[in-house]
Each structure stands twice: as structure tokens, then as C-alpha cells.
Amino acid sequence: MSKDDSKIDETGSVSRRDFLRKAGTYTAASLSGAAMLLSDPKPAQATQNVTWAEHFQKNYRLMTEEEKQEAIDRLEKRYSEEFGKTVTVDGSPAIDGVLFGYALNIQKCIGCRRCAKACVQENNQSRGPEQEIEWIRVLRLEKGEFDVNDRDNAGYPEGFGVQVGGNAYKPAGVVLEGQHYYTPEQVPEKDAFYMPMQCMQCEKPPCVKVCPVRTTYRDPDGIVVIDYNWCIGCRMCIGACPYWARRFNWGEPNLPNEQMNPVTHYLGNRPRMKGVAEKCTFCIQRTRKGRWTACVEVCPVGARKLGNLLDPESDIRKVLQTKKVFRLRTDLNTYPKFFYFMD
Amino acid sequence: MFKNRIVGSTAAICMLAVFSTPTVYGEANQVGNECFESRDGKTQVTQKEVAPGTLNVRCSPTTGGVLWWGDPFDGTIPMGDMPASVDADYLHEEAVVKPREPEIDRNKLLTVCTVACHNGEYVPVPQSKEPRPLAMHQDIVPDSMKLAHGKGAIWCLDCHSKTNRTKLIDHFDNEISFNQPQKLCGKCHGQVLRRWREGIHGKRIGMWDKGGKKRWWVCTECHNPHDVEQGNRQSGFAQLYPEPAPMLPKGMPNADHERVKHGPGH
Amino acid sequence: MKRFTQFIIDFLRAGFTGGAMFWAWMLFLSFFIVLWGYGEYVQLRDGMIVTNLTDQVSWGLFLASFVFMVGVAAAAVTVVFPAYVYHHHELHKVVVLGEMLAIAAVVMCLLFVTAHMGRPDRLWHIFPVIGIFNWPNAMLTWDVIVLSGYLVLNLLGGFYFLYKKYSDRPLNKPFYLTVVFVAIVWALSIHTVTAFLINTMPARPMWFHSVMPIKFITTAFAAGPALIIIVFMLVRKFTPMKIADEALHMLSQIVTWCLGIALFLTLSEVVTELYPSTEHSFGLQYLMFGHNGLSGLVPFFWTAMALMLGSFLLLLIPRVRRNLAILPFLCIAVFVGIWIEKGMGLMLPGVIPTPIGEFTEYVPSSIELMIVTGVWAIGFFVLTVLIKGAVGVLLGEVRYQEKAAS
Numbered sequence: 001m002s003k004d005d006s007k008i009d010e011t012g013s014v015s016r017r018d019f020l021r022k023a024g025t026y027t028a029a030s031l032s033g034a035a036m037l038l039s040d041p042k043p044a045q046a047t048q049n050v051t052w053a054e055h056f057q058k059n060y061r062l063m064t065e066e067e068k069q070e071a072i073d074r075l076e077k078r079y080s081e082e083f084g085k086t087v088t089v090d091g092s093p094a095i096d097g098v099l100f101g102y103a104l105n106i107q108k109c110i111g112c113r114r115c116a117k118a119c120v121q122e123n124n125q126s127r128g129p130e131q132e133i134e135w136i137r138v139l140r141l142e143k144g145e146f147d148v149n150d151r152d153n154a155g156y157p158e159g160f161g162v163q164v165g166g167n168a169y170k171p172a173g174v175v176l177e178g179q180h181y182y183t184p185e186q187v188p189e190k191d192a193f194y195m196p197m198q199c200m201q202c203e204k205p206p207c208v209k210v211c212p213v214r215t216t217y218r219d220p221d222g223i224v225v226i227d228y229n230w231c232i233g234c235r236m237c238i239g240a241c242p243y244w245a246r247r248f249n250w251g252e253p254n255l256p257n258e259q260m261n262p263v264t265h266y267l268g269n270r271p272r273m274k275g276v277a278e279k280c281t282f283c284i285q286r287t288r289k290g291r292w293t294a295c296v297e298v299c300p301v302g303a304r305k306l307g308n309l310l311d312p313e314s315d316i317r318k319v320l321q322t323k324k325v326f327r328l329r330t331d332l333n334t335y336p337k338f339f340y341f342m343d
Numbered sequence: 001m002f003k004n005r006i007v008g009s010t011a012a013i014c015m016l017a018v019f020s021t022p023t024v025y026g027e028a029n030q031v032g033n034e035c036f037e038s039r040d041g042k043t044q045v046t047q048k049e050v051a052p053g054t055l056n057v058r059c060s061p062t063t064g065g066v067l068w069w070g071d072p073f074d075g076t077i078p079m080g081d082m083p084a085s086v087d088a089d090y091l092h093e094e095a096v097v098k099p100r101e102p103e104i105d106r107n108k109l110l111t112v113c114t115v116a117c118h119n120g121e122y123v124p125v126p127q128s129k130e131p132r133p134l135a136m137h138q139d140i141v142p143d144s145m146k147l148a149h150g151k152g153a154i155w156c157l158d159c160h161s162k163t164n165r166t167k168l169i170d171h172f173d174n175e176i177s178f179n180q181p182q183k184l185c186g187k188c189h190g191q192v193l194r195r196w197r198e199g200i201h202g203k204r205i206g207m208w209d210k211g212g213k214k215r216w217w218v219c220t221e222c223h224n225p226h227d228v229e230q231g232n233r234q235s236g237f238a239q240l241y242p243e244p245a246p247m248l249p250k251g252m253p254n255a256d257h258e259r260v261k262h263g264p265g266h
Numbered sequence: 001m002k003r004f005t006q007f008i009i010d011f012l013r014a015g016f017t018g019g020a021m022f023w024a025w026m027l028f029l030s031f032f033i034v035l036w037g038y039g040e041y042v043q044l045r046d047g048m049i050v051t052n053l054t055d056q057v058s059w060g061l062f063l064a065s066f067v068f069m070v071g072v073a074a075a076a077v078t079v080v081f082p083a084y085v086y087h088h089h090e091l092h093k094v095v096v097l098g099e100m101l102a103i104a105a106v107v108m109c110l111l112f113v114t115a116h117m118g119r120p121d122r123l124w125h126i127f128p129v130i131g132i133f134n135w136p137n138a139m140l141t142w143d144v145i146v147l148s149g150y151l152v153l154n155l156l157g158g159f160y161f162l163y164k165k166y167s168d169r170p171l172n173k174p175f176y177l178t179v180v181f182v183a184i185v186w187a188l189s190i191h192t193v194t195a196f197l198i199n200t201m202p203a204r205p206m207w208f209h210s211v212m213p214i215k216f217i218t219t220a221f222a223a224g225p226a227l228i229i230i231v232f233m234l235v236r237k238f239t240p241m242k243i244a245d246e247a248l249h250m251l252s253q254i255v256t257w258c259l260g261i262a263l264f265l266t267l268s269e270v271v272t273e274l275y276p277s278t279e280h281s282f283g284l285q286y287l288m289f290g291h292n293g294l295s296g297l298v299p300f301f302w303t304a305m306a307l308m309l310g311s312f313l314l315l316l317i318p319r320v321r322r323n324l325a326i327l328p329f330l331c332i333a334v335f336v337g338i339w340i341e342k343g344m345g346l347m348l349p350g351v352i353p354t355p356i357g358e359f360t361e362y363v364p365s366s367i368e369l370m371i372v373t374g375v376w377a378i379g380f381f382v383l384t385v386l387i388k389g390a391v392g393v394l395l396g397e398v399r400y401q402e403k404a405a406s
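Residue numbers (the working numbering), protein chains in the order written: chain A, 1 to 343; chain B, 1 to 266; chain C, 1 to 406.
Calculated directly from the structure, the hints in this document are not laboratory data.
Warning: the hint list may mix true and false statements.
[To be verified] Restricting the straight-line Cα-Cα distance to at most 27 Å, the calculated cross-link-like pairs of lysine-lysine (BS3-like) are:
1. A:204 x A:58
2. B:187 x A:318
3. B:146 x A:190
[Stated by the list, open to error] Pulled a few chain B residues facing chain A out of the computed Cβ check, cut under 10 Å:
4. 34
5. 38
6. 63
7. 89
8. 90
9. 115
10. 217
11. 236
Backbone N, C-alpha and C define an ideal beta-carbon position, used for all residues, glycine too.
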């Protein structure tokens, strides 16, 4: 699959986009390439067969086309052996003229967390119980309550005391105390609404700025990517991210062979190793092939939208034009490309 | 009475059909397993292999909801004719939908009930659209005099064809397929239809890029047409079982401190 | 060159010579160093999952120890600065011991950072030329520059001085003084940049204020000289080296005033954060009072405050400050107080709550404790050898002899 693509890539973006228009080809081709051998149930040790060549390869961003292909071939070979099935590693560069943007309708979101789980299915994160990694976190926000009996009428307490003000209500929409471990019988709950968070793919990402080895960088299509093979695990990026979007592989990831998604991208969902950071890449292995992300596809209420910000007719641009939108923590000048909107 | 006799005979089939049995989710992700796409019990999909080692969908072992599409276009058909007077992606892209008719007809609702009951003889064609108590279909509409959808402003035959129960109708009594409920719903919800057309209301899967093939979700795949608001929650969606909470961080036995009710002075 | 080799050999020989007490001390340290080796091995084998760090609390004991130790390293300047700028005669005699302490502290810093890295095997990625050095963007690269520069400057300054003394030759004054004065400014820079490393992240409001660098420096210049006083008193006790009381008094004054300023800055921070009590103060509130029953740091914070405030008030009394029987205990109190306040007490509330408001408690794992105590042991091991060697040279016991060399 990836070899076919790279040939197409070399012929230029026009023909590649033609290729993309042949809708569904991606799916069919990638699926046929994935021959699953379920006979080997032992958990994969992602770093057991790392070759010296892989250990001493350059940063992906600086590799020549040949070096990239070599690195990809090495990985395809290693992953295929480790997971007992044909694993493809794609190296597609950003599509010219595309800047990815995302919009999430918080009025629609019912808090079912299917996006978070779909993401794990697609992106080969570590499964529990030792370490469970999810890139999407759904926050539960209370709608608040006003109650005539449950209030404090005093603006100033008697005698010596500090000003406290009234407490006539339970606060609405408190983000900071996000109760994201909620476990109601069913969702949506009457007294709550929900706000999923993930990597905002900032235009000025603080994580990129603080990375001492430039292993994480913004690609031309606006996706902030990580070369997992170059990461030194210093976790500066995790400290700098105001959206708590990054996760760390504290130990060797646990990725059962049969659950592993064999259609991967070098900068995206290829299996990671211990000691490196990871995060949402807008399913780069899908979106650069024209397909929607796993979270967009799974959302049972259609609250998630992704498209090309440079195309005035894309659904993301239509959301920006017709809906009330906001972004998180705009005060930090990170320019997220992840918008929240309401009907 | 005439109605009582129906209950005794044909109704048995219909009753069986519409009483949804609680779904039991066994081992997730094996061929033949059934799970749901968006509305539990109303958007079922059966797992099958679409390529060696790859299933058409991957399902949640805990809730039975579809989590991942191996093939986003599995089981779809072309969207069908849509008015060309207003521009939309589906007019110049390959647009497909999952047909609703087989879903509604899963327990032979459409074929048997229409042939056996609503054939114009067994149940005569109603002469009026006036609301009246229903003896049948109470599983779908519990109290027909208080139809949730429309709050009394509309009733069955504003949407369902009185002569052909396998079809819906537009303002001019032209028949609309159950596969194209958007044509029906757009009769009143013009603004929503417009946003749906633009791709910002509702759901589409497949290829995001311009010209790429898309599977469009139709109205009834997400909303219950007989009760869209879902009571005073007004969410537009029936409640679902949520997926399990994320793992607690190491060293934290619970997140009770997070659930503490916000006291005064927060 | 031959003479220099001989110098190294003689220096190390002096460093590793001692009585039963010395060897018992070194054996004691070696025990923890072996544990460090084991801890590092386990962490390298299994990954950082053997620590109790999480995505919520991703920086912990290692980085807290690092931050504190950078301060100790920088504090060598409290000996060098009065000696060369104010021509403090007594400190001038022992200035090289301060430099030895700085070297040991920087070694510890490097070991803490290595332990903090998820992929220490890829540390070469950060080296310029063979790797990618994201300078001037990444604050961490600035830290690499100033720390390695500081190590080089102290090695250069300290050992140049000792080598000349060893060879009994005059110092090249312009060269030596240049090194010394650059090192003085550099010492400030290492701690300033370490403060910049964490206070330039608005995602972590607890750290995101401009008092941080000066607070780092004042706490460093209180904790550092406190440690130096103790080291000097031990040197006086266990070696023939004479260190005048005057040197200790000078240092204890520095401790007092820097501690006072540090306490003032803490007060400023507390008032600025707690008066408006915005969400940005939740980290500090968690540190001081806990949050909904999560109160792991509360006793530590108040202990640190009691130690710092108590010892400050006592140090203000000249009779107490100049009483060399009491002084070491006050120094220990200052050192421990700042160690808590600026180590875990600074690191953890910075990452608790997370940017999305999650509160998670963190207690270091046994492997983390093993590694950290091991690094301390290595630090003391190196410091002992360096000080013994340096004292030997300063006393003239270790000096170049033509015959020995031939």
C-alpha cells in the first residue's frame, strides 16, 4: 500500500489528489494488504528488534526521500514480524493547499466517550491495565443549579471576616474541576453537558517551541507531528501543553497483535516504543489519504467535523461562517485549529 | 369489535416484531456479532469480514456500539434522487447512505404488516388525519394522543402515507422512501436540512476531501422520529450507555474528590 | 603534560587516602551508589513505568532534585564573589573548595536529568552537529549550555589554580581572573535559566510569574552557603586545613539575608495568588491547604515554612548566628526547608492540578528514591574526593616533585 502511494506521490500532488478521488480505494487497498495472522498471540515487544540502523537514523524531517523510504522499509519489516501481519507504514507528506481544522459541536455531544475508544482502535495506543493511553478526554461540565433555599445571602459577614459574596447557585460550566471519570448509567445526563478535548493542533504550538531536539514540529498541513524515533523523552512538551493533550509511554506499550491497526503512518499511528511522547495527529494516516478521522466517523451524534480550512466550501469553513464558535485558551496565543461550536 | 380481532390474529406477528429484545453483547469483534451504529437497536450492523483479518466494523465490548469502520461504505446504497435546485456535495460527489428500509423491515415490519394489516381492507384507509387513540403501535408511540413529536401539531398521517404504509409522504402527498427521511423532515425543519446539506448538521463518514465518496447519515439514524427531543433533556438523542471511564492515574484509588459536590465559595 | 598527568594521579591519590573513618564513609556511600546502579538498570530496562510518574504528574522527584541541585551548584558563587569582588581574605583561601562543591553539584544535576529522560540512550540527539540543538527556541537547550559551561568553568578555574599551586608556579592572573569573573556571572545564569525553564510555560500557572528567577537565586544563595558552612566545618574537623571563623560568619550572613529575601518573595507570591484566588492559584492552594481531601504536600509545606522562618528569626540574632555550635543545626534547617520548598514543594503544585483541572497525588516510587539517594551518594563521593585532593594541594602536602615524576 505505502509503496504504491509513494510512487503516486512522486508524480506530483495533482495525480495524487485524483487518486484520492477514487473514493474507497484507500479502504479496499489497505484492507487487502492486511493479512492477519492470529496464530501468534504473544504480546509484541516493540523495541526488541530495533536495528542499529534504526537507532542511528536521522530526524525524519531532515531525511532525504531515499532515507525516508529506507526508514519506512525497516519499520514495515520489523512491525510485520512483531505483529504477525502485513503492516504498512505510510510516509505521505502534507497535501498541498490543505490546512486541517476541526470543529466540535458541544451542544450535540452526549458524553458517550466513543470517540476516545475509537481513537484507541485506530491509533494503536497502549491498552491497559499497566498503562492505558487515550488521546481524547471527555470533560463533564455541570449545568449548575439555582436554589432559593440553598444560598448564602450575606454579602459581608458580620464583624471581622473576609468578603465572600453570595453563593446562590452551584456553578455552571466549571471546566477546571472537570469530572472526566464520570460513570453514570446512561448519557447524556440531565444536569451535565460534555466537552471532549484532544490535541488542538495549534498554529503556534508551545510544545514545538520547547522541544529541545525538534522531534515534534508542525507540518505544512497544520498537523503537529512527532518523530517517535527522535524523541528523547524529556517531557518538556507535556509540561508546556495548555490542553493536556500529550501522553507519555511510561513503559513498553501493550498492543495485542489482533487489535493492532496495520495501516499506519510514520508520523502517526505506527506502534510507539517506551519513553516517547505521543498525541492526536488528526489521524494523519487517514486524513492525508482523504479519509475522515476515526473520532469523526464514530461520533453517534455527528458532533465532530473536520475539513480543509483553506477551502471556503469545506464543512469546517461553513461551521465557522454560520455558527457561534470558540476556541480554548485563546489568551495564550496558541491559535488552536480545534473549534467548539453550538447550534 | 373489529380491532380486537386483529389483536388475536395478525397482531402476534407485528407484536413480535416491534418488541425489541434487550441486546446481549457477547465476545466483541467476531464474525456474526451484532452491534449498533448510532441508535441502539435501530441501527444494527452485523460483523463480517471485508478483507482477510479485517472486519467491516469493530465494536465496543462494553456497550456494543460500533467503534471503528474497516469499510465505511459497507452495506450502503446511492443516496438516491435529491432536489437539484439547491447545491450540495451529494450532487457532484459519490454520496451513499445505509438504507433504512431493511432496518425497519428487520422483523418484517414493512412487508408483513403492510400486507397483512394496512392493505386497505383489514385496516381501512383512514378518512381523516385527526388524532385518535391507537390500539396498535404503542411500543413506538406510547400515548398517541400525546405524540411527542410536534406537541400535538402533527400526527401520523402528516408523515406516513395513508395508502401505502411502506412510504412516507411530502407536502404534496408524493411518496418518500424510508431511505430518504431527509426529504420528509425537511418539510418543517428547513434550517436543519440546509445545515445537513452543507455537512455541518448530522454525520458523514468516508472521505473528507472535496470529490471524495461520502456516506451520509440520514435523520432517523440518529434521531427517533416519534420523539426527537427525548423528554425534558431536549438533547435530540436517546440516552446511551457510555464507554468506560479512562483508567485512573497510578496511585489514585478513585476520583471521588473530583465528584465532590461543589460547595459554597467555590 | 607529564606533570599534569602526575598532578591528576597525585590529586586522586590524596583524594582516596584516609583512615578507617574515611573508608567507612566511602563504603557507606558506595552502598547507595550500587542501589543507584540497580535502580537505573531497572528503569532503563522497563522504562519509566517503574516510577510513580503519570501523564498527570509527569515531572517529579528527578526534576525537583535537579532544580534544587542547580541552585546548590550556583551557590559556589557565594564563596567566590566575596573573595574576589570584596577581597574577603579568609574566603579567598578556600575559594577552590567552593568550586569543588560546584563541580560535584553539577555532576549530580547531570545525573538527575539523565534519570528524568525517557530515552537516555538517545541523549546524543541533543548534541549540536550530530543531533539537533533547538537553540535558541527551546529553553532546555539554554540550560544545557549554561550547565555544561558552568561545569567547564569550574573545572578550569578550580584545577588551574590547584595545578599551579601543585607545580608551585605563579598564576597567570589575567587568565585566571577572567575565568573567575565569567564564572561568577555564569553561576547566576545557570539558576536563572533553570527558572526560565519552568516559568515560561503559561500552561502551568503556579510557575508562570516573574518572581521565579530571583526567588530561585535567593533560595539557592541561602541553601547553598548553608551546605558550604557545614562542609567547611567538616573540613576543619577532619583535615588539618584551617578555615577561619570569619569565613563562616561571612557565609552565615549571606544565608540570613538571602533567606530573608526568599521568605519575602514567598509572602509576595502567596498574597498575589491567594487574595484574588483565581483558578491559577489552585496549585498553590493545593500545596498549602490540600484539595478535597488530597493533602499529601500540606505537612511538607508547613514544615518547610517553619524551618525557614524559624531559622531565619534565629539567624537574625547575632549571638546565635555567630555561635558555631548552633550554626550547623540552623544550616541544616535552612537546607532542608529550602530543599522541600524548592524541590517537591515547587515541582508538584506546578503540575497539580493538570491544565484541565485534574488533581492527582504523587508519591515517588522506591526506584525513584533509590536513584535519587544514589545520586546524592555519588555527589558526596565526588565531593569527598575532590575536597580531600584540593585540601592536600592547598596545604602543600600534594605538590610536584621531580623525582616522583621520573
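- Item | Restraint status (C-alpha distance of residue 204 (chain A) to residue 58 (chain A) at most 27 Å) | holds (25 Å)
- Query: If you draw a straight line from the CA of residue 187 (chain B) to the CA of residue 318 (chain A), is it 27 Å or shorter?
  - Reply: Given pair residue 187 (chain B), residue 318 (chain A) holds - Cα atoms ~23 Å apart, limit 27 Å.
- Hint check, residue 38 (chain B) versus chain A [nearest Cβ-Cβ separation less than 10 Å]: holds (4 Å)
- Does residue 115 (chain B) pass the interface check with chain A, least Cβ-Cβ distance below 10 Å? violated (33 Å)
- Query: How about residue 34 (chain B): closest beta carbon in chain A under 10 Å, or not?
  - Reply: violated (16 Å)
- Message: Just to be careful: measuring from the Cβ of residue 63 (chain B) to every Cβ in chain A, is the smallest value less than 10 Å?
- Response: holds (8 Å)
- Item | residue 90 (chain B) as an interface hint toward chain A, with CB separation required under 10 Å | violated (13 Å)
- Task: For the hint on residue 217 (chain B), just tell me whether its beta-carbon gets within less than 10 Å of chain A.
- Result: At about 6 Å, which falls below the 10 Å cut-off, the nearest Cβ of chain A leaves the hint on residue 217 (chain B) intact, so it holds.
- Message: residue 146 (chain B) and residue 190 (chain A) were given as a pair; does the straight-line alpha-carbon distance stay at or below 27 Å?
- Response: Answer holds: residue 146 (chain B) to residue 190 (chain A) is near 22 Å, not above 27 Å.
- Message: Is the interface hint satisfied for residue 236 (chain B)? The criterion is a beta-carbon contact with chain A at less than 10 Å.
- Response: Interface hint status for residue 236 (chain B): holds (7 Å vs cutoff 10 Å).
- Message: Less than 10 Å between beta-carbons is the criterion; does residue 89 (chain B) satisfy it with respect to chain A?
- Response: Interface hint status for residue 89 (chain B): holds (8 Å vs cutoff 10 Å).
Violation of the numbered hints given earlier is confined to hints 4, 8 and 9; the remaining hints are satisfied by the structure.
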